[in-house]
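Residue numbers (our numbering), protein chains in the order written: chain A, 1 to 279; chain B, 1001 to 1279.
A few of these clues could be false.
[To be verified] Taking beta-carbon pairs under 7 Å as the criterion, some of the chain B residues facing chain A (in silico):
1) PRO1097
2) SER1100
3) GLN1101
4) THR1102
5) TRP1103
6) VAL1104
7) VAL1105
8) GLU1108
9) LYS1159
10) ASP1160
11) LEU1161
12) LEU1163
13) GLU1166
14) ILE1167
Treat the hints as calculated values from the structure; they're not laboratory data.
Ideal Cβ positions, reconstructed from N, Cα and C, are used throughout, including at glycine.
Protein chains: 2
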Amino acid sequence: MKVVLTLDELRSAKSDLLSPLGLVPTMGFLHEGHLSLVKQAKVECKSVGVSIFVNPTQFGEGEDLEAYPRDLPRDLRLLEEEGVDLVWVPTIEDVYPTDSQTWVVVEELTKRLEGEQRPGHFRGVTTVVTKLFNAFQTDRAYFGQKDAQQALVIQRMVKDLLLPIEIVVCPIVREEDGLAMSSRNAYLNPEQRRAAIVLHHALGDAAERFKNGERDAGVLRRSMLAVIQDEPLARVQYVSVADPDTLEEAQGEIQRALLSMAVYLGDTRLIDNEMLGID
Amino acid sequence: MKVVLTLDELRSAKSDLLSPLGLVPTMGFLHEGHLSLVKQAKVECKSVGVSIFVNPTQFGEGEDLEAYPRDLPRDLRLLEEEGVDLVWVPTIEDVYPTDSQTWVVVEELTKRLEGEQRPGHFRGVTTVVTKLFNAFQTDRAYFGQKDAQQALVIQRMVKDLLLPIEIVVCPIVREEDGLAMSSRNAYLNPEQRRAAIVLHHALGDAAERFKNGERDAGVLRRSMLAVIQDEPLARVQYVSVADPDTLEEAQGEIQRALLSMAVYLGDTRLIDNEMLGID
């Protein structure tokens, strides 16, 4: 496994790799969710690249940029074990050259849910992902369904910008009790960690209702809200039943939906989601 | 020479071309200015691609999108004569897929000069150029110094987005009397055409003063203005002496500058420029 730091080193190392190349962009502090993306890339691609970069432009003011967990030696060991070919660990200056002033923005899809709660977040994401795609000149890129809106936004961006890249979205990987894996789970104290299962419970409860015939978006939304409000350590930021293509909030009867939520456990903000009516 | 219409056809035709590929993006109605870019690409690249697409998003309200001159058969004949390998003539739907909502924006450099006079213009330019770069996966791309700010903005964008593309900027090509070649010159009636030489005269006068030792930005600006105001058919929109890197309007003594201007002849808006103090 080759680990490179500068853009020039990346371009030179990249020329030795076989096609198709699969890229897994990460912010490091890797967990089984990231590694599931790497494993999928290993199955589908002749070579696999990973980027590790905590991207400052996707963090808002007062968010956890400074506190974001980092453990590069461990990350590199895990990636080596998975048989990754190339890892890029750029500095901020590599990704945002001096006088950098170019942004990639996706307009409609970023207005709701995470985009509404985190102004500027998706502008940071789409900009850095474009840079990573251009730097790696990748054929495929792997993202987790955990960040459902991000996956949708990036698919839209790739289509709109005529990028010759296939976006592969992999299922959410969960802890044994059902908590979706996230680098931010490391912030939770033991009590919060136990309470954090409430996101999965709320989604599971709504999915069960849907399976049993409930089709009213309002009923499903209220049922999720009730489950979370039953947990004293949890504070809801939003709970959503949305059109899975446009992310517009669903009203009345639904056949397909993206259930999603953001919930605080103490100062830690967790998200989770589930698709209804989609195979 | 292969002429293709859809993105799939382009990708398939592109795979037959030798590297490096040089791209000349155009809006058609080609003149010697465009052809000079093609000739330069022919010298430097193993294959040459050209796009012909009148990009609606770079025209503002009330601008000349509908009237913009078109002559595809003639364009294709000229490109064939130059030995171009591949021409892409996309439809709007190829370049802007349904529900398209992704934009590439360069912030600082687009605030002044053309960007100030034509709000949204550069957002349209940078977005379409990104799409063309991605569609062609080109190694080099050729732009004219005639659109000096555009060339600067695209160089900035390529650097910021880590695109592995070399931007080549070619000199302005002029008619015998000095008028910069432009598809929009076709709008001029014979009287306006004669008067249009005033842009070149104003630039030449200022360049001469600079050569003779004049270094004051204000004096150079006023001298250009005076030359244009002497021509009754011409109406100045702006006259600028700017820092050639940042495009900020220069004050006091200068060593290097971009002289530029936009001038109306009747309803036709013409631009021209000249670099001072740069080899």
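Problem - Hints violated by the structure (listed by number, smallest first) - result: Result: hints 13, 14 break, sorted rising.
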